[in-house]
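Going down the list, the sequences are from chains X and S.
Numbering-wise, our numbering puts 16 at position 16 of the first sequence, and it's gapless, one number per residue.
Numbering-wise, our numbering puts 284 at position 284 of the second sequence, and it's gapless, one number per residue.
For the record, the hints were derived by calculation from the structure and aren't laboratory data.
Possibly wrong hints are sitting among the right ones.
[Unchecked claim] Calculated lysine-lysine pairs in the PhoX-like style (CA-CA distance at most 25 Å, straight line): (1) K39(X) x K148(S); (2) K147(S) x K39(X); (3) K147(S) x K116(X); (4) K191(S) x K252(S); (5) K252(S) x K270(S); (6) K151(S) x K116(X); (7) K301(X) x K211(X); (8) K258(X) x K211(X); (9) K267(X) x K301(X); (10) K180(S) x K39(X); (11) K270(S) x K191(S); (12) K258(X) x K301(X); (13) K148(S) x K116(X); (14) K180(S) x K147(S); (15) K211(X) x K267(X); (16) K27(S) x K270(S).
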Amino acid sequence: MSTASKVRKLSMAEAISEGIGQEMARDDRVFVMGEDIGKYGGIFSATAGLLDQFGPERIMDTPISETGFMGAAIGAAAEGLRPISELMFVDFFGVCFDQIYNHLAKNTYMSGGACKLPVVITTGIGGGYNDAAQHSQCLYAMFAHVPGLKVVVPSNAYDAKGLMIQAIRDDNPVVFMYHKGIMGLSWMSYFEGSTNEVPAEPYTIPFGQAKVVREGKDLTIVTLSQMVQKSVLAAETLAAEGIDAEIIDLRTLVPLDKETVLRSVAKTGRLLVADEDYLSFGLSGEIAAIVAEQLNHLQLKAPVRRLAVPDVPIPFSRPLEQFAIPQVDAIAAEARALMQLTLD
Amino acid sequence: MDPTSEQLLWMYEKMVEIREYEETMAKVYLEGKLPPKIQKGLAFDIGAGPVPGEMHLAAGQEPVAVGVCAHLRREDTVVGAHRPHHFAIAKDVDLLGMTSEMFGKANGLGKGKGGHMHLFDPAVKFSCSGIVGAGAPQACGAALAAKKLGKDWVAVAFFGEGAANQGAFHEALNLASLWKLPVIFVCEDNKYGISVEKSASTAIESNADRAAGYGMPGVLVDKNEAVAVFHAAGAAVARARRGEGPTLIEVKTDRYLGHFQGDPETYRPKNEAQELRQHDPIVILGAQLRARGELDDARDAALRKTVSERVQAAYAHGRNSPYPAPEDALLHVFAD
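Extracted from the complex, chain X is given alone in its bound form (with noise of 0.2 Å):
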């Protein structure tokens, strides 16, 4: 044992992959199955050398047929085995959501609890590199309206695999969501944020705990996944103008840490949430809601702000996509500008 104690560092891929693995060598009711997850690694490098360590068996590829597998999925699980089921992008739902909404997230209510579905869905979200609207969508929001399913939206290797751990260990379904931009990935760009220490041996961290990332007294930014990165750099730009913004990294949507947020929003009086799912009826709207049924508890020195992709569907062409998706500068701009408002 090396007692060196150097920094070991992954990428948020490497992160899931070395934590699904050592969940499948505990336990041998866990198994992965998906496109392209086995030679390939997963198109997004989440299940990359698992195939070298388990075999077919347990690193099943599937055809493309995410309604077939996903109900497999569902089948298995109630036999008591734990599948991770990997939804290649999330902008496929479409094809399977009924096994997802209707049944994976429904069984478990409509037996009055008799029925455990421990099924982790693995998929990839976000955009930034123009791969257009029916390839970078977040759509978190959609899963998280939906009661019975747990959503996790990691924002770095260190959290990722200890939700990932978390995850296949819950008797409920989760659907552990990874953003593109920070796997990590060879051939994509990412911020290097998301790559950071991971400790070798395996650890769990709790759902709905979200987790201060940058402490400040100014305002409060509540993100999450990517933007969790984003806002960490805008936090730098606005720090240097005398601006101290605090961050909050939500990590699970369901369950959804409201404590920290308001401890947050308590503090500093200015709410400005940063998402990158789509603005209307989705999760800026959900915690503005949580915020303004607070306000008899919590003083506003502004009113809530929300930064999201503005109703639009992702644009292909890279000027267009670097406006609808709120870049480090718009999170920026957003501060700069919450702090100029009062409530009078």
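Keeping the supplied structure of chain X fixed, place chain S upon it in accordance with the hints.
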């Protein structure tokens, strides 16, 4: 393999039980739903009475359930569809819990959260779904689990002929054949998808022919008789247990009642159901048993009395059990 006397009698008794269950439900279901008790102008109030909501009954379709389930063990999985009672009874689902569930009671299988289309009894590995075709991939998953666990368990997906036009059906057939899963796909052709005749929904005559496209045997059972289904299912279950993969069976069966209770049935001739009843599979199997000397009037009467007591006790249990506390609606979104 021909059925033994014991198997024939089991199928007969279960068919009698299913029929009594469904006919009792047809009556109970109407309680409180018809004028004058309800709002003026309504013909029917689906949400009223002791058993509210939609109700899809399977009277006439008994042979499909018993002919298949006669070959199943407790460890085998059955995934049913929106018309699930005959499958549930043939798979020995807890009759009391199932009936309580339909009355929305706290001691129902789903503690009142599922109702008649969503019955779950993990003890006998039974589930069903209100979504057409959705069960077929889930049966593949159960079969995959059996294979992974090294067991000779099989999984059966029951669905109607309307479901055979769903993508889920075709994806499941491909997956099952590709992975050589021990699944038996059983299509109940009762001629109608709600009101639409099979000839108006399905490009080919027999769904059994679709099996060829997935490299598995396809068997058409063209009469609504328990023994005929028994033969087809026996071969399919044995094949699955041997690890040789899936089979698709289509059974031409008869729906005596509406798609749901309250269905005006304007899409079929008025006397059609009456004519179908002339070929009652219970009568047919009863005659076969009598010809073999396995049944006489006295034995039949005794059997029917036992069955009736069991069914009526289940209805009394459902009716008399307490409702859940309203706020129990908040429980069981997630497993503990």
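For K301(X) and K211(X), compute the direct alpha-carbon distance and say whether it is at most 25 Å. holds, 23 Å
For a C-alpha distance cap of 25 Å, please report whether K252(S) and K270(S) respect it. At roughly 20 Å apart (the allowed maximum being 25 Å), K270(S) and K252(S) satisfy the hint.
Would the hint linking K148(S) and K116(X) be met if the CA-CA limit is 25 Å? Between K148(S) and K116(X) the Cα gap is close to 19 Å, so the pair holds against 25 Å.
Please verify whether K267(X) and K301(X) have alpha carbons no more than 25 Å apart. Holds. K267(X) to K301(X) sits at ~10 Å (cutoff 25 Å).
Keeping to a limit of 25 Å between CA atoms, is the pair of K180(S) and K147(S) held or broken? This hinted pair holds, its Cα atoms lying about 9 Å apart.
Straight-line Cα separation of K191(S) and K252(S) no greater than 25 Å? holds, 8 Å
Are the Cα atoms of K39(X) and K148(S) separated by 25 Å or less? holds, 21 Å
Hint consistency between K147(S) and K116(X) [alpha-carbon to alpha-carbon, up to 25 Å]: holds, 20 Å
Checking one constraint from the list: CA of K211(X) to CA of K267(X), max 25 Å. Satisfied? The hint holds at about 16 Å.
Regarding the pair K27(S) and K270(S), is the alpha-carbon distance no greater than 25 Å? With Cα atoms ~20 Å apart, K27(S) and K270(S) stay inside 25 Å; holds.
Within 25 Å, alpha carbon to alpha carbon, are K270(S) and K191(S)? Holds - the C-alpha atoms of K191(S) and K270(S) are around 15 Å apart, at most 25 Å.
Checking one constraint from the list: CA of K180(S) to CA of K39(X), max 25 Å. Satisfied? holds, 21 Å
The structure is consistent with each of the numbered hints, conforming to all of them.
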